[in-house]
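S.K.: The listed protein sequences correspond, in order, to chains H and U. Start counting at 1 in the first sequence, then tack on 55, and there's your number in my numbering. Start counting at 1 in the second sequence, then tack on 43, and there's your number in my numbering.
No lab work stands behind these hints: they were computed from the structure. Hints may be right or wrong, so weigh each one.
As the list claims (entries may be wrong) - In the SDA-like style, the derived pairs of lysine to any residue whose C-alpha atoms are separated by at most 25 Å in a straight line are:
| # | chain 1 | residue 1 | chain 2 | residue 2 |
| --- | --- | --- | --- | --- |
| 1 | U | Lys222 | H | Ser239 |
| 2 | H | Lys125 | U | Thr159 |
| 3 | U | Lys237 | U | Lys222 |
| 4 | U | Lys245 | U | Lys222 |
| 5 | U | Lys226 | H | Pro117 |
| 6 | H | Lys179 | H | Lys125 |
| 7 | U | Lys360 | U | Asp255 |
| 8 | U | Lys222 | H | Ser216 |
| 9 | U | Lys414 | H | Asp143 |
| 10 | H | Lys106 | U | Lys414 |
| 11 | U | Lys395 | U | Phe281 |
| 12 | H | Lys122 | U | Lys360 |
Each chain, written out:
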Amino acid sequence: MAGRYEIRYAGSGGQGVILAAVITGRAAAIYEDGLYVVQSQAYGPEARGGKSKAEVILSTEPIDYPKAMKPNLQVILTQQAAEEYVVDTLPGGRIIYDDFFVTSFPRVDANIYYLPIVRTAREKLGRDIVTNMVAVGAVARVLELEKMAKPESLKKAILASVPEASKKLNAQAFEEGFLLFKNSVHR
Amino acid sequence: MPEVAFWQGNEAIAYGALAAGCRFFGGYPITPSSEIAEIMAEELPKVNGRFIQMEDEIAGMAAVIGASIAGLKSLTATSGPGFSLKQENLGLAYMAEIPVVLVDVMRGGPSTGLPTKIAQQDVMQARWGTHGDHGTICYSPASVQECYDITVKAFNAAERYRQPVLILSDEVLGHMREKVVMKKLDPTQLVNRKRPNVVPEKFIPYLADPKDDLPCMASFGDGYRWHVTGLTHNDWGFPTNNPEEIEKKMKRLMRKIDRFRDDIVEYETAFTDDAEILVLAYGSVARSSLSAVNEARSRGIKAGFFRPVTLWPFPDKEVEKLARKIKTIIVPELNCGQMVLEVERAVHGRSKVVAQSLVDGELFKPDQIFKVIEEVA
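Isolated chain U, as found in the complex (with noise of 0.2 Å):
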């Protein structure tokens, strides 16, 4: 592999996931992020990986869990009504703390919508999309550099809280090209699941060290029984209907994210220091966004950015300090006002919060969101 590449957002997903470790994809390709799967299908075999194309999302989610389950790092990549299919199985994984890494490319909703053109409508989705409570770790690149290096990331974050990640890209960056320099990676940088440190017989599969809440997991066929079980279960991972151990796996599930909270969230500023107005924006419209606030600061509009790299968890404490100094929040969405919900939420009415609001399937123009910040200035 060359060391500087010229290559889609796809493309460096794809790559990025063999780089992490990733040695299993199973999915089912689906415009704008077949590319991922086409890359993988080529490249796993040629590492001692496997490729299976299942019949269809719901398949495919599930071939991941199982993959994970045998001791491979795996991957599935989707859009659209593909994202719906995964949501049933994405709950098994989070239910029986599985690590996957789920990518996808935003494009317009609901049902098929517009397979090729941006959107950024699944925010909410990623992390709602599967009933039950359970945390959340999403990222969102915004360069193929970015999506390079977030898919190392996200492989490390789901094998070291045992659990699903998200990556959510969207049509624009899944297809323009960029330089992406692949810095080595040495094995100190990769994370690998924590395996059981007792003989067979003594393994309790959920029994999580109340240091970080998180149970080793062992590998199906290296001779430690393991009971899978979407049911809430107990520490042996049988279902339960006992209070006690209800209350212990839900709590334990929400509390392994939560107290990791600061290692996990990650966010850029630009300009924030003297802001009065500030525009926050995710993926490629974080890119519309920048270039906007680039263009207010010129001509003397005292604008700042802050791009939220983790959708969630969100950075809200982060945005919370910024807005006791902020008169404005602009929020630009190719929705109709998702994380917008989620900045009002954090700000508590500290600033006031605008949201923008695109859904014809384009990207926003730098000059579109400098209009509102003019407005607001």
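The following block holds chain H by itself, in its conformation from the complex (with noise of 0.2 Å):
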């Protein structure tokens, strides 16, 4: 496993990027042992409607510099996203891609997973609103295959975050994130 390992997720405000990262950073801090975390997100203005941003790093040694440099894993939810984020990523790296609202992506060094995010959220769950859940549920088994993470951590940090009414729904949005990973292949 990786020293240092970074993730970002990218969308539009809304999208709830700042939540599903303060969810991997809350799974890895609480629920693994022996993990340095840092979880931080664009903060203001920017925030807010158009591009939003959030970032999670994960490493076994303590973090000094807390913001990604260039993320091992990009979630990218939009096409502005893709545009401005996905030269970040980390030659090797892995960037998923969601299939309805990024329809074209710049060539980088990197494995593309090209998933349908946000309409399993709305045509298979009925709720956009879990769109960032389903990522949280594609990122967890990244993070299972790399060793960082166990898929239970990460489900148990986001029952451990909604609301009770919601709890259903997140956790199925989740199980679906995790098998359209899982069951991909990658460009």
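Need the complex rebuilt from these two chains, each delivered in its own frame; the hints are there to steer you.
M.R.: Structure follows, in structure tokens:
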């Protein structure tokens, strides 16, 4: 497992990318042993309405610089985010694109996964609002492959972070996202 | 409260204050410090504490002074222009010797400046922002865990030295989340102000014990007469124009911090043993700096790292000692050069001091600092 593993969720305000990052971070900080975790987000006017991004850094060593420099994994939920952030990806890293909002993406040295994140939330689960939990599910599968965190840790963090009434829906969204990535083939 | 939490820096400060025994918050929310007020508003009533949102920061500072005089450990938090507004009453707290903790989550200035962006432009204001001479105790955390731990220390220092204690955080630290482990604090780890040990008729409110230069503090309402004023006062707390009494008060105000300087000063170092280049940084910038120093080390450059945990008193003796064997000290700051002046003062020309200034609202990236290390190597 890598010493420092950087994850960035990027999309637009309202897609819940900050909560996705907080949950990912909380999972690693609280439900995993021996991991250092820093979570941060773009803060201010830029985070409202327009583009929004949030980051999580996981490491077996203490984390000095708290922001992502070359994300190992990016989850990109809008075309604008694709154009702005994809170039930062660590060469050989992973990019998960939403196949509804992202229509074209720049060529970069990374494994590309083009997944129906928004469509799964909207069509399969009937609620756009769980887009972020579908994304967390996909990330959970990556973190399992990377031996960084167990999927159960992420699920626990979701259940600890959402209201009682929506636990079932959020858990479902997580499972769907997990399977999306598990059954995917990168381009 | 859980033993391990995943908190923002601002949350850690609020919970640290509660753990330290803080039972009053008075203030006026302002970005990027508002989460501190938010959490205190929610949590204080649960522990029989009080939260008051005042009409502005001036009143917020006045309220915490009043609450402290009434016997409660008190906190206020602010940012940017709010820190300016607090300065006048901060001076009253220095003069009347009232323990309070004031957190400034630094954003860009001057004036309303950059509400959502990081800066370190309040370092000299923390030292000299209110008029008149006084000792300053100012902590600068660099992690969320330290936000929690330092807030406990700040309350302890305020209670022990009977004066305001400042915490300078910054926007990045205030809003980023990290794991915090809450060590169980037993009562012996919490300092409480010295209470009068005489009957009320014999109480002289500003009569200090020569052993520590600190007078005992009575709370309003518990039967001890005490006059509180911002005017220079004698041992009885009443205004004086007597040169002897004036000098006695002023010298003691300075001495009560100076004589405990070594107890107060804190700093952290890495790779200083054989370092030829030293990066001296505080707050979030210390994290970019340590990353740059690690990079330099991996490339065989003998770089070291020094982080003042107390900005005031500044660890001048410690920096001076290192400067004897170090060629160049780089001081990266998110301002136009403030702490670098203090470093220059401390090293007396023993090493070259290079200021690195960034005022674009962003945190230094490690490679920006690494480039300067490479240049001077």
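S.K.: So, for every hint listed, does it hold in this structure?
M.R.: Hint check results:
| no. | hint | result |
| --- | --- | --- |
| 1 | Lys222(U) to Ser239(H) | violated (33 Å) |
| 2 | Lys125(H) to Thr159(U) | holds (24 Å) |
| 3 | Lys237(U) to Lys222(U) | violated (35 Å) |
| 4 | Lys245(U) to Lys222(U) | violated (50 Å) |
| 5 | Lys226(U) to Pro117(H) | holds (19 Å) |
| 6 | Lys179(H) to Lys125(H) | violated (33 Å) |
| 7 | Lys360(U) to Asp255(U) | holds (22 Å) |
| 8 | Lys222(U) to Ser216(H) | holds (16 Å) |
| 9 | Lys414(U) to Asp143(H) | holds (20 Å) |
| 10 | Lys106(H) to Lys414(U) | violated (31 Å) |
| 11 | Lys395(U) to Phe281(U) | violated (49 Å) |
| 12 | Lys122(H) to Lys360(U) | violated (33 Å) |
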